[in-house]
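Trainee: So the chains spell out like this:
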Amino acid sequence: MSETEELRRSDRTDERNDLVNVNGLKTYYESGGILGSQPVKAVDGVDFDIERGETLGLVGESGCGKTTLGRTLVRLERATDGEVLFDGEDITTFSGKRLKKWRRDAQIVFQDPESSLNDRMTVGEIIQEPLDVHDWPDLDVDVVGTQKEVTVSGDGHLNEDEREADITVEVPGGAISVRDGVPLPQDRVSVDVSESDSSVTVTLSVDVSRSKLRRARVRELLTTVGLRREHYFRYPHQFSGGQRQRIGIARALALEPEFVVLDEPVSALDVSVQAKILNLLEELQEEFGLTYLFIAHDLSVVRHICDRVAVMYLGHIMEIGESDELFQNPKNPYTRALLSAIPDPDPTDDKRRITLRGTPPSPRDPPKGCPFTTRCPVKIRPSEYDHLDEETWEGIELLREILRERSRADRSFTEMARGVLGMETRFSGIDEIVREVFPHRLDPEREQALERAIEAADGGREDEAREILGQHFDPEETDADFDDLVDAFISDVHAGSHEQARSRVRDRFGEMDVPPEVRSDVETAIDHVRSGDEDTAREYLRDQFGSVCDAESPQHHVVSDTGRTSYCHRHRAEHEEPEVVFESLVD
Amino acid sequence: MSLQQSRMDEPILEVENLQTTFFTDKETIRAVDDISYTIHRGETVGIVGESGSGKSVTARSIMGLVDSPGRIMGGSIKFREPTTVDRLARLFPKRTAEIDELREEHDLVDLVDRLLSSGHRASELGGDQYAGADAETLVREGRVDMADLVEGGYAAELGIVREKTFVVRDGAEGYVEITNAPKEGLRKLRGSGIAMIFQDPLTSLNPVYTVGNQIKEALRLHRGLTGKAATEEAVRLLEAVSIPDARRRVDEYPHQFSGGMRQRAVIAMALACEPELLICDEPTTALDVTIQAQILELLDEIQAERDLSIMFITHDMGVIAEIADRVNVMYAGELVESAPSRVLFDEPKHPYTQGLLESIPSRNVGGERLRTIEGEVPTPNEQPTYCRFAPRCPEAFDACDAVHPVSVDVSTSEAEHTAACLLYPEDMAREDAVAYHQSRGATTARADPDEVSDDE
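Protein chains in written order, with the working numbering: chain A, 1 to 587; chain B, 1001 to 1456.
Hint data in this document are derived by calculation from the structure and do not stem from the laboratory. None of these values were measured; they are calculated from a predicted model. Heads up, some of the hints might be wrong.
Below, computed lysine to aspartate or glutamate pairings styled on EDC-like, alpha-carbon distance capped at 20 Å [as the list claims (entries may be wrong)]:
hint: 1; chain 1: B; residue 1: Lys1228; chain 2: A; residue 2: Glu432
hint: 2; chain 1: B; residue 1: Lys1228; chain 2: A; residue 2: Asp484
hint: 3; chain 1: B; residue 1: Lys1228; chain 2: A; residue 2: Asp481
hint: 4; chain 1: B; residue 1: Lys1228; chain 2: A; residue 2: Asp483
hint: 5; chain 1: B; residue 1: Lys1094; chain 2: B; residue 2: Asp1025
Pulled out of the complex, with its shape left as it was, chain A reads as follows (with noise of 0.2 Å):
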């Protein structure tokens, strides 16, 4: 299934009954420095639908973007660029009172229910507030029964948008009905209707005032949630986090929204609570018909509950597809590590676990080509460097790795001038670093004695190993304190730990341990970084041993028949494909 393909999304939406469809939608943080230095690119160019009345998960790593993304489809971020569509119109283009409208229609359920209630406001005050800001309810009116043109007076006014009207009225005759949703009683809702020959005029009268039916309507969405009507005028802190939560679920349902972005709405809950309130959100899709954007680290919880999922690295969408297929075989490499990473409350699974190397990159500096190159387990080599052994490409890895978090680092003024002038600053050591990262060996001979003085040490004899290591090594060669050297030696053979004391004193005396065809590169790097050219060691390293991965952004390729898309370049024909190789790694 590695045929380069684009997906071609018109294709798609044409079958399909679509919400939400966003397109190459950038969200940009400028950062208001002297320097004018780089935004932070927490959403860096996605595309993906969401159909009406399904639920698409988005997962990710802290930082990846993922609750700005949530933020920036219900407006409250700007988008930098790129358009999110909504039934079909282009929502980051509305203002005032047409935004105003529209947000009606998506809500957003927050993470932290202690923060993002009012602990001053009671709970009937919270929920009501939406429907206070939004004059709820509308009393429109639909007339049904006749041609002619209608006029609506009194206390309600004629139906103008697509949403299905409060209170509809038949005509002739005048019977009334009105909606589920509004908690007003038919009998208090009276209409006179008068006709002429042209035109239908309906008076309405309602005896109910707003505030009362919103004090209703607020009660009404009390038991939807599972909470209780007598709650209405206790304070948030009254509460548990679970029913906290539930508290801003109906927030966000007062106004009828179609669209609901739930921000990790479980992830500060015990699990006990979390499966309660899955449950309830599960209830009210199906209820209520709701679409959902559900954002979560918690794959579990993802997997549980999502139709589709979209699984998010820094700014991209990785891999996007069915939530049983991507769980059960992941093609993207960030997807599979993502996964087993996760803790299985089985202990007799024995799956193994791939353990992704340091962190994401800063989204202020995002790396070139894929995203995910800096971390890759399974990144792709340059061709002349493949028979390498795995020691020494990851030494270099990380060694590039280091740098690269070096160049990030905050760099105080003196700091800057020790460097100017010459001086040691912490960013100095760049010995240390090579002895960290790459195998140290000493020569046959030294080997010997080193052994020798681990066994006389061993045996209580540490005079004897003193002198062993005195003869064979010179205090000259290192920077080190000699003495400190071997008594640390002589404490890690006595804790047992031999192969500690070996590589003390390899990485102290032993030459640097590398393939003769790198060995020159990667002197070269650590030249540049000595004279305290960082960025040209880096640039070189990157030149020297990068690939497609560090150069190009992937594409996203159709990874299966359901359509799901895996944003790597291993999809491609002449790659080999993921799994392949992850398959090789653990062999």
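Please build the complex by placing chain B on the supplied structure of chain A, with the hints as guidance.
Mentor: What follows is chain B alone, placed relative to chain A:
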């Protein structure tokens, strides 16, 4: 498996009938209510439970970190690590009881006689079948030994050891009684004996000192290292917890570290003191899964390298399944089930454990709705004369409201597996089982906080 080996060893930590209570104006909260368990060398014991079940208070009690209005009301916590016992015995000679010396100095029969004549009953010393026996019988039959007198607090009553003795040495063996330890003793015990890692690394790191400085402080206090040697050791420790470029990192401040890196630094600080027991209180809860995987792997490596015992507190059953050899399940201050991790996940016995496992989404893939446990964890604010889980339990019957269950053996294999539920032992008829719980509950009478006088 490490379980088999460690089973042969003496436990390194023994918690017996521990009771920690918080006294507030409104109510008395029995946060930890009569729990007992052990941790062996090299073993990882997991403690799971929902928020408010008493997991963290258990850990804090072991560290001696329970502050007012909380107080340890009863039970004992024995730390049995020999080098720590020796070290504390040297530091606090006046508060150390040497069992061997006591045996030489005093005649056991005579001591027991004095106890009996001062109002203690023989049954209390030797068990029910020795009711009415005289001192000589008790000693001859091996029912009472000098060690028992010290452990039971009788030695202090007789005046042969000091009231505030907290280190006991018996030949090569011995223990530190943490509940009796003075502030100074606890300080010497923390760090090098028992170290703790907290959930949020930012709260355990001081923002105004470099990470290196904070590790060096631990090294100075616990190992007497200063200057260049301390710096070198700090760098080595950061390398040991896989922080790349450690020499630069050692001079950086906590805010310059990422979340996972901070937790690594905290682990490095804990390791700086070379502890024997590491208590981890939700150390990965605030981290992403990929970072969590790194930290769990690191703990695994460190444990193998140093033969460390770990007590791991979490509410994430997945993490527990991955890291723990044995799991203790807590509910409303009590330990409701304890089993080796495989057994617990395969055959949970207690209805609460069953419910907890069934509410995990990943164990129930494809199910339409998740099963939930109705209601919420109650606040344990009175002495239990009933099962605290009964109001939420799908299997509760009448007796559950009237009889407090005790831990009974429910093992189906060799491994030790206990549950505190009236449904067990399974091979007994229900009435018999209830009667069994009732009788055992009566013999293990508990200290009632209201009756205890206000001595510190």
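Trainee: Look at each hint and say if it fits the structure.
Mentor: Outcome of the hint check:
1. Distance hint between Lys1228(B) and Glu432(A) is fulfilled; the C-alpha atoms sit about 16 Å from each other, no more than 20 Å.
2. Restraint check for Lys1228(B) and Asp484(A): satisfied, since their Cα atoms lie roughly 10 Å apart, inside the 20 Å limit.
3. Distance restraint check for Lys1228(B) and Asp481(A): the Cα-Cα separation of roughly 10 Å lies within the 20 Å cut-off, and the hinted pair is therefore satisfied.
4. With a C-alpha separation of about 13 Å, the suggested pairing of Lys1228(B) with Asp483(A) holds against the 20 Å cut-off.
5. A distance of roughly 38 Å separates the Cα atoms of Lys1094(B) and Asp1025(B); the hinted pair therefore is violated under the 20 Å criterion.
The structure shown violates just one earlier hint, number 5.
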